[in-house]
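Protein chains in written order, with the numbering used here: chain A, 1 to 143; chain B, 1 to 121.
Take the hints with a grain of salt, since some may be wrong.
[Said to hold, decoys possible] Below, simulated SDA-like cross-link-like pairs (lysine to any residue); rule was C-alpha separation at most 25 Å, straight line:
1. B/LYS108 <-> A/MET133
2. A/LYS142 <-> B/LEU101
3. A/LYS128 <-> B/LEU119
4. B/LYS108 <-> A/LYS44
5. A/LYS142 <-> B/ALA76
6. B/LYS108 <-> A/LEU138
7. B/LYS108 <-> A/ALA132
8. A/LYS128 <-> B/ALA76
9. A/LYS44 <-> A/TYR86
10. A/LYS128 <-> B/ILE121
[As the list claims (entries may be wrong)] Label-pair distances were calculated between CB atoms; the ranges are:
11. B/SER61 <-> A/ASP23: 31 to 41 Å
12. A/VAL85 <-> B/GLN72: 36 to 46 Å
13. B/GLN79 <-> A/THR52: 54 to 64 Å
14. B/GLN72 <-> A/ALA132: 44 to 54 Å
15. A/GLY7 <-> B/GLN120: 42 to 52 Å
16. A/ILE140 <-> B/VAL69: 20 to 30 Å
[Unchecked claim] Not everything, but these chain B residues come out facing chain A in the computed CB check (under 7 Å):
17. GLN78
18. PRO82
19. VAL83
20. GLU94
21. GLU115
Keep in mind that the hints were calculated from the coordinates and are not lab data. The C-beta atom is built at its ideal place from N, Cα and C for all residues, glycine as well.
Take a look at the letters that make up each chain.
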Amino acid sequence: MVEILSGIQTTASALTAERTRLDVIAENIANAQTTRGPDGGPYKRRVVVFETVLQHALGRTTPGGASATVRVARIQTDPRPPLLVYRPGHPDADANGMVALPNINVHEEMADLIAASRAFEANLAVVKNARAMALQTLAIGKR
Amino acid sequence: MSPLSPIPLTRSAADWPVRRMDGPPGLPPVTAPAGTPGAAPAGPTSPAADPFGQLLQQFVSEVNQHQQVAAQTVQALQQGQPVPLHQAIIAMEEASVSFQLMVEVRNKLLEAYQELMRLQI
């Protein structure tokens, strides 16, 4: 198979991974005030963990050697304890009037969101440049 | 008029993959006119005895495969299947660039042929 846009698989995998990260951040922001989860407690912040996959291990090699793609290894919960707030009127308040809010800091999530967005942008720039390089190479034959 | 009817009967199966290349709607209409000349050298000269023709045919079928993958991905995306958007765009870009490579090869071949035909004898 002719390798038209080399290294594009690596970038595509990174784009997918960053997309998943964005989804998880959206989930965290959306549930920042959720006091009731499926297990009864407040929503727990979730974090994505990326891992490298060697294409070589999958039996696919590229001319430049083994290219490492990235994928989401797992999505795990943040172990930090929930935030206790005194709200006696809340339906989920305990006997002392304390409500357990999720361990989410929206500012932290926004910073993560910006990081994910920038990483996505960087990978898009790679795609754009790979395409531009391929087209410029094709233009060698033109007069 | 008569030679037109027997051709589809004998060659329909072999012609299908080449003709389907015109299908993907996401690409410019250059596909239709340029697709046939690329495949033409392999057709009339019997491909089994012609290694260069075979090579060309293989290349054209690879380009065709790229186009089909792009069309399928875009179709899946439009049907609401969980296909990442960037994957569809990358597939389309790959199809587009490989098609342009094919057009460049075809241009070079044609140029060489015309150069030969211009030879003074």
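Here is what the structure says about each hint:
| no. | hint | in the structure |
| --- | --- | --- |
| 1 | B/LYS108 <-> A/MET133 | holds, 20 Å |
| 2 | A/LYS142 <-> B/LEU101 | holds, 12 Å |
| 3 | A/LYS128 <-> B/LEU119 | violated, 43 Å |
| 4 | B/LYS108 <-> A/LYS44 | violated, 62 Å |
| 5 | A/LYS142 <-> B/ALA76 | violated, 36 Å |
| 6 | B/LYS108 <-> A/LEU138 | holds, 12 Å |
| 7 | B/LYS108 <-> A/ALA132 | holds, 21 Å |
| 8 | A/LYS128 <-> B/ALA76 | holds, 23 Å |
| 9 | A/LYS44 <-> A/TYR86 | holds, 19 Å |
| 10 | A/LYS128 <-> B/ILE121 | violated, 49 Å |
| 11 | B/SER61 <-> A/ASP23: 31 to 41 Å | holds, 38 Å |
| 12 | A/VAL85 <-> B/GLN72: 36 to 46 Å | violated, 51 Å |
| 13 | B/GLN79 <-> A/THR52: 54 to 64 Å | violated, 32 Å |
| 14 | B/GLN72 <-> A/ALA132: 44 to 54 Å | violated, 26 Å |
| 15 | A/GLY7 <-> B/GLN120: 42 to 52 Å | holds, 48 Å |
| 16 | A/ILE140 <-> B/VAL69: 20 to 30 Å | holds, 26 Å |
| 17 | GLN78 | violated, 19 Å |
| 18 | PRO82 | violated, 11 Å |
| 19 | VAL83 | violated, 11 Å |
| 20 | GLU94 | holds, 5 Å |
| 21 | GLU115 | violated, 13 Å |
Of the numbered hints stated above, those contradicted by the structure are hints 3, 4, 5, 10, 12, 13, 14, 17, 18, 19 and 21, listed in ascending order.
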